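Colleague: Here are the chains, one letter per residue:
Protein chains: 6
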Amino acid sequence: MTIRIKAINPNTTEAMTDNIERVGDEHTSDDTEFVAVSPDSGPISIESYYDDYLAVPGVLEEIRRDADEFDAFVNACWGDPGIDACREVTDAPVVGIAESSMYVANMLGATFSVATIIPRARDFIERRVETTGLESQCASVRCTDLTVVETEETRDAAVDALLEASERAIEEDGAEVICLGCAGMGGLDGELEEALPVPVIDSVAAAAVLAEGVVRLGKTTSDVLTYGSPEPKAIAGYPDIFRIGSTEPSADE
Amino acid sequence: MTIRIKAINPNTTEAMTDNIERVGDEHTSDDTEFVAVSPDSGPISIESYYDDYLAVPGVLEEIRRDADEFDAFVNACWGDPGIDACREVTDAPVVGIAESSMYVANMLGATFSVATIIPRARDFIERRVETTGLESQCASVRCTDLTVVETEETRDAAVDALLEASERAIEEDGAEVICLGCAGMGGLDGELEEALPVPVIDSVAAAAVLAEGVVRLGKTTSDVLTYGSPEPKAIAGYPDIFRIGSTEPSADE
Amino acid sequence: MTIRIKAINPNTTEAMTDNIERVGDEHTSDDTEFVAVSPDSGPISIESYYDDYLAVPGVLEEIRRDADEFDAFVNACWGDPGIDACREVTDAPVVGIAESSMYVANMLGATFSVATIIPRARDFIERRVETTGLESQCASVRCTDLTVVETEETRDAAVDALLEASERAIEEDGAEVICLGCAGMGGLDGELEEALPVPVIDSVAAAAVLAEGVVRLGKTTSDVLTYGSPEPKAIAGYPDIFRIGSTEPSADE
Amino acid sequence: MTIRIKAINPNTTEAMTDNIERVGDEHTSDDTEFVAVSPDSGPISIESYYDDYLAVPGVLEEIRRDADEFDAFVNACWGDPGIDACREVTDAPVVGIAESSMYVANMLGATFSVATIIPRARDFIERRVETTGLESQCASVRCTDLTVVETEETRDAAVDALLEASERAIEEDGAEVICLGCAGMGGLDGELEEALPVPVIDSVAAAAVLAEGVVRLGKTTSDVLTYGSPEPKAIAGYPDIFRIGSTEPSADE
Amino acid sequence: MTIRIKAINPNTTEAMTDNIERVGDEHTSDDTEFVAVSPDSGPISIESYYDDYLAVPGVLEEIRRDADEFDAFVNACWGDPGIDACREVTDAPVVGIAESSMYVANMLGATFSVATIIPRARDFIERRVETTGLESQCASVRCTDLTVVETEETRDAAVDALLEASERAIEEDGAEVICLGCAGMGGLDGELEEALPVPVIDSVAAAAVLAEGVVRLGKTTSDVLTYGSPEPKAIAGYPDIFRIGSTEPSADE
Amino acid sequence: MTIRIKAINPNTTEAMTDNIERVGDEHTSDDTEFVAVSPDSGPISIESYYDDYLAVPGVLEEIRRDADEFDAFVNACWGDPGIDACREVTDAPVVGIAESSMYVANMLGATFSVATIIPRARDFIERRVETTGLESQCASVRCTDLTVVETEETRDAAVDALLEASERAIEEDGAEVICLGCAGMGGLDGELEEALPVPVIDSVAAAAVLAEGVVRLGKTTSDVLTYGSPEPKAIAGYPDIFRIGSTEPSADE
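Protein chains in written order, with numbering that gives the first Met the number 0: chain G, 0 to 252; chain R, 0 to 252; chain A, 0 to 252; chain F, 0 to 252; chain S, 0 to 252; chain U, 0 to 252.
Don't read these hints as lab results, they were simulated from the structure. Computed from a prediction, not measured in an experiment: that's the story for all the values here. Hints are supplied without guarantee of correctness; some may be wrong.
Covered stretches of chain F (in silico footprint by chain S; criterion: 3 or more residues with CB under 8 Å from a CB of chain S, positions within the stretch not fixed) [stated by the list, open to error]:
| # | region |
| --- | --- |
| 1 | 23 to 34 |
| 2 | 93 to 103 |
| 3 | 128 to 136 |
| 4 | 165 to 178 |
| 5 | 224 to 238 |
All residues carry an ideal CB built from backbone N, CA and C; glycine is no exception.
From just these sequences and the hints, can you work out the full model?
Modeller: And the structure:
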């Protein structure tokens, strides 16, 4: 059984996309195909709600482009931006790296913390903890001074900052597992675990194995209500690929 | 003191935009200017997360276009789509019709319910109740069979459906106030109050008076952390108006 | 349209009552009449539950005295003492300064803190955050060493204490907006904002503009259940003004 | 060891006060003295927030009158009106019938419901469940058409109404224990248990045995912060017994 | 009326069992018989979930052995291990020391903290706070370096450690009452109260008086659903006393 | 890479154990070994807290017996009995079928319900939803009249009962996914999905793929605090395999 998984890095930083593909491929079965892409449109990183909202249309486009060719999709930004909308536009399971890392963490320790990027993203990160439903298990969200791009480009500085944040989470907040709260941190878990007394979850890897697992179950997204296909309707200013159903052409055609 | 308020109807249905302007103008002071617009891009109505995410860039564009010319902005869709992002791109207060109607309702009764559109929007509506923080005060979200466009175009049917939903909310859920959960329902509160034993909140009107009130306080949005201006960065595929700060041109230029 | 608002300072400190009237008048429209009074009975300040319960009968008396002559009432103590009872004895909207300041704060920042009086009032203050429903949005309640009377009489010391409390709320608790948690702090927001990086909400001013706004909506308090008029019954030991309906005289007549 | 307990019926209906004394005396040890009184002032029953606030000063007066002569006080209205203030004015434990019945119920079943008076009291009753902290254990509050006075005066009708409410709580809400939510229902538990498959808690009796128990522990109320003695201050319009400490005479002397 | 209460110390440390009996006897009425036992099987102390699960069968055996000879049972380990199962195997009330201490604390202060043993037990302790339902009232769980056995055997060191934990709970967490979070701490409350400004609850004593109180109410555990007698069925590997009803012999006979 | 997973059916019904092995094997990769066992001791089914506590020692024994020979363990009873203790006695990940099914459900729909056995198990089931942390996502727990053994032995009746429970969950509670709340229901998901409009999660299968996924991540259980190895100590009445560390022999040797 060959499983095909497409991960979408919601930002346009290709180095991060490459890293996501490498991490996902490394942790999935040999006969699973794991590819990662970036949308054509959107910001180079997601650090604000503004970035979030400008990134999501591109993510949706990437799912619609290949909705029938993959068994599952991975939303590869901690925050799982637009994941509810993603689930509306495909029957294939859509797995977020934020939720996945929290599920794994919740099975390995009594509490977990999220070590993540710059403080302004805290509200965005905490909201994803809440919409996943696991705020009672989350000891803390610990921010650093890292931008998203720095997590990818300055690996040593990223490790140092994440170590400090994780140590405070463990000592002051009682964290028993650390979730790495950015796709750019993919692959840093091993180095961090050498210096920390707790498991460190690579969120991209977590999503990759969970996506594979859900495919093995043979399940698809529920389309009975919330995640049913969006109602066909006129949509101005977007390319044809965004048109749902056989409605009149969208406004910009 | 002339107060200038710009309401943005996140969908592209002009009849609804006109109604929003009429309702907002009617309830604000005589010397307040209240205008309503629709974005150039986006769906004709917001009924799914997909619609939500395709609508928000246009809303952000409308704020950025006039960020310095208005004293406050109103986000005129129940769900307050992208309101966190809106608050990042202007110092002027941004007031959502969902939150406003709940605040007013919370001052007039011990509990409130939201009477709103088709069932698939329930999760979207409930999430806004939760992100506002008032789920403990909300007796229920009662959906109808109305699409957004029908709330505007078939007023008699809308009143009938909302009456039935409201009566069930009052009798079965203990609601003491009803919030009308769609901007298209603007102006229906009077007719509903004639038939119901409880206050009915026109959410657009509620946002209009609260926006006016916050302007009278002379306050602006906090830019210390979450709602600070987004970091300047390259953003592909969006017009120049979306560029923050004096960074390099966005990718599609 | 002339709007008439009566604010009731639940304590008997006249200087505070004067301040409330000045602040409320300053922020409302020119053609709005905003008056403030103190009850004849009750403590000079509310700092304990004991004070709270001895103050409320006087507040209720002030509402009943003028129930038909004002368009709205403001309960002007952070804690909104007896506000549920106030809502039972008049159809006019009753707006509390605590709830109002939280609503405004919740529209201006991702979280807010309350900077307030002596530590023993913390439970009283926190309970009002909870009964309003907004504890999930409240980063902290930060107490000072200020008594209620000191907030009014020693303005420089009050500013110093509130600055320190606010700074700790911002730095340690992540507050993005500060609510001033006592009516005696009315008018201090400007001076505090000069020294702090976040908006500071004058709770009296917030209640004034929200009361005005609710009146513009033309809404009255829900009388369907919780806030319906109290059942007529014999009440011993209270003057005749407390008698509800045309029942037998209250016991002390 | 003789234990002396004073129960205060916050309303002025003497038949209810007599019933409280009888029930409390019946369940406490032989050498415990259990007396019940009504205040001189206040309504004949508590069914609204208005009644609540007019009743509490009289309750506080009854505690202050005998603060040194009893080992514990019982607040004998379901809602425990003003109990926080009661705890401020005496070191002796103050035990509420609402909280007591919930504690006992929580030890006898996995969930409990409260069967109580007219629907308008629901908010008042539910708030006491919440301030006690046990809302997660409470399956429901089931109201009847009974006024407080009817619970005392029309015992057969009261039993019928409570049976119906309890049956619905058991069958529809999953209640495993019933708390009788009014002091006037004291003594009805036996008759109800004959017809119901679950334990029925007489809330007055529950408070009586818990008050006795806390006295046996030799504990007094914490005065470190919230329940410390109220600050001495001028209080207008109340008799001298309300004056705290050796301050200047209260304003009406 | 002679009341007979059997306390079960879930661990096998006899010195602790003796202490439990002494404390329980001291606080109950003269004509109440209060005995304490340890099970034949199980660990010498409960500090992990592993200990918890190995201790509970012995506790259940002790209840079944004497189910008809006592009026109430006390589960004498903070955590109330297996208390739901205990309630299934007897009609007599089963009272836990954890829940009892929290109920008493909740009547004496606005918040309480638990001062307890080694940090690894935190999750176990906090879960009992949550299953009781009182997490909103609990300011903190403060762990020490004390093992369970040390609380009993090194009383001076125990007092020192508990003093430090309690002081931090009071100063940093706002605790107004301290619950002693281990049966081995029975009898230390007096010495701690001499050095602390708040009431300190001996949890064993609290359970003793509450058990006595519930017996005085004449109530038994609800058997309508959750706490009904377990279904008769084959149970392998346990002595005959564990067999419910007249089923076939359990597997190891 | 060969992954070895041992599932423990906490009850002693071998037909159910066989079913668990078949389901787990079917959904995992070809080169994964998935075996299922029952403990030597314990009840034939878990339907009460009593059953739960008598089953767990046997589960712990099965883990300790093979702690070094498997890469992961599955706790195969909905309720995940004793899973915290399981995590203390092995470094290998321990995955519960309850938590796994909820995680998968949470990725496929906006809400889920649990369709499960007899009503007396509701509290046990709901508590696992709560300790996992996902109660805000759980629309309802819907009980049937099925005993655990009947789910395995009378498959047609089980399907009928689960269909009815699921339909009510979907229509009345808004469930968008159904979790099958008993290991005995393994393999029924396909038949149920044919008749229902939503995904149905076979909880055993969900645990199997998640266990495999966590092994692929190379992670082990956190031993920093809660799930560290239990302290070595004397344990009476249990075989030697229960002895932790190189302490003195347990008491029954």
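Colleague: Each hint needs a verdict: does it hold in this structure or not?
Modeller: Hints, one by one, checked against the model:
Here the region 23 to 34 of chain F counts 3 residues with a CB under 8 Å from a CB of chain S, which clears the bar of 3, and the coverage holds. For the region 93 to 103 of chain F, the stated coverage by chain S is satisfied: 6 residues place a CB nearer than 8 Å to a CB of that chain, which reaches the threshold of 3. Here's how the region 128 to 136 of chain F fares: 6 of its residues keep a CB closer than 8 Å to some CB of chain S, so the rule of at least three is met and the hint holds. Counting residues of the region 165 to 178 of chain F whose CB lies closer than 8 Å to any CB of chain S gives 4, which reaches the minimum of 3, so the coverage claim holds.
Here the region 224 to 238 of chain F counts 3 residues with a CB under 8 Å from a CB of chain S, which clears the bar of 3, and the coverage holds.
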